[in-house]
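Participant: Spelled out, the chains give:
2 protein chains.
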Amino acid sequence: MQNTFEQIGAREYTELYDRYAPLTTAVRDLVDISLRTDEDSDTIATATAAIEAVTEMLRAKQVERLPRFQRHEITGRPVVWSNPVIGLRNPLAPPLTVHHDSDGRCWSEFILGQVYEGPPGLVHGGISAMILDQLLGEVATDQLMTPKFTGTITIRYLRGTPLGPLRAEAVVDRTENHKTYARGFISDAQGPTAEAEGVFIMPMWAREQEPK
Amino acid sequence: MQNTFEQIGAREYTELYDRYAPLTTAVRDLVDISLRTDEDSDTIATATAAIEAVTEMLRAKQVERLPRFQRHEITGRPVVWSNPVIGLRNPLAPPLTVHHDSDGRCWSEFILGQVYEGPPGLVHGGISAMILDQLLGEVATDQLMTPKFTGTITIRYLRGTPLGPLRAEAVVDRTENHKTYARGFISDAQGPTAEAEGVFIMPMWAREQEPK
Chain A
-8 MQNTFEQIGA REYTELYDRY APLTTAVRDL VDISLRTDED SDTIATATAA IEAVTEMLRA
52 KQVERLPRFQ RHEITGRPVV WSNPVIGLRN PLAPPLTVHH DSDGRCWSEF ILGQVYEGPP
112 GLVHGGISAM ILDQLLGEVA TDQLMTPKFT GTITIRYLRG TPLGPLRAEA VVDRTENHKT
172 YARGFISDAQ GPTAEAEGVF IMPMWAREQE PK
Chain B
-8 MQNTFEQIGA REYTELYDRY APLTTAVRDL VDISLRTDED SDTIATATAA IEAVTEMLRA
52 KQVERLPRFQ RHEITGRPVV WSNPVIGLRN PLAPPLTVHH DSDGRCWSEF ILGQVYEGPP
112 GLVHGGISAM ILDQLLGEVA TDQLMTPKFT GTITIRYLRG TPLGPLRAEA VVDRTENHKT
172 YARGFISDAQ GPTAEAEGVF IMPMWAREQE PK
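Protein chains in written order, with this note's numbering: chain A, -8 to 203; chain B, -8 to 203.
Keep in mind that the hints are not guaranteed to be accurate.
Since the list gives no way to pick one copy over another, a pair counts as held whenever it fits inside one copy or between any two copies.
Taking lysine to aspartate or glutamate and the EDC-like style, the derived pairs with C-alpha atoms no more than 16 Å apart in a straight line are [what the hints assert, rightly or not]:
(1) 170 x 199
(2) 170 x -3
(3) 170 x 133
Since the hints were made in silico from the structure, they are not lab data.
Kindly produce the complete structure, drawing on both the sequences and the hints.
Facilitator: Structure below.
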């Protein structure tokens, strides 16, 4: 079976993107500087109060949950607002833009800054795992078209992944019944730093809806 | 060998914590609401401008990198400011407080909200992987006392992990030369949702500094 997608019109997408993208970018910049600021206590207290005021302003009207499984009416690409890796409205997401090539490969180029740091100067191993889980999941579900969940994922760390510009790639190895095997890697300019392989499984409720 | 720790005085720790914790909490709340706000374009634009002004205020004085490998002079516990899972000053971190029991086990209880969501209502698989990588790494390094890096980690997803209150635990299975094997899980009130096992390796430069 395939996921049921709500279509989002090109004009509605652009309107929402233009409304929220600058907010999300501004919050990402604030996250970054709030980790590194070295201001005195009074300035920090003033900033904190100003942030709380903005939060109150935005809190007056909110949605319980964001729309899911939308597809752009023209590009046919999934539109994902809330995901912590690729979500257009999630300040935690770098965010990654994932490209799907016609040969089935998917890839993304992105930059990770200090908020994603584990050991000094290096990406937290769990952040690399999270990005690889997303990429392998995207390629295993054919751009999120089919409902499949990660069964098992293994990450091998070849060396430290430096903060800065990085690339990630994933491909499907094979599909056996309701299991899809995918693999991928993260690399810097010198080559791969971490490799992953995973199996993605269609849940029982989805199998029961498949044509016989 | 052991990591070299800078000691942080109790008074300095409290002063820094009291200065930055409210800022970090305020930014976390802003991250959450910025994902879910449904305000009109004018309000969003006003909020965005206000956030950019705060960022400018905090940017005037900043550190290139935060102190690392600090230990509290009284508790002896590591003080971690920037890590995306446990960092006291990182708005991306939930943050987890990791407890180390005298039997060697480590554990944490925490709440994950909508910014950590993957499938509807469920924690993103990569977020679970990130948390397990942190917990297994903490127990394998004896509370970050020894320099060891994740070699390989495998996550098995037993079922979806619901957003909300969760628990994670990790223990060391065994240590062989420079490799420490650890395992752990995430659970909700109904039991484990994801299991992990990993091997953590002391890097060559650290082995060379060990006593013969």
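Participant: Each hint should be assessed against the structure and marked as holding or not.
Facilitator: Structure-based check of each hint:
| no. | hint | result |
| --- | --- | --- |
| 1 | 170 x 199 | within (15 Å within a copy, 44 Å between copies) |
| 2 | 170 x -3 | neither (26 Å within a copy, 49 Å between copies) |
| 3 | 170 x 133 | within (13 Å within a copy, 37 Å between copies) |
This entry does not satisfy hint 2, going by the numbered hints stated previously; all others are met.
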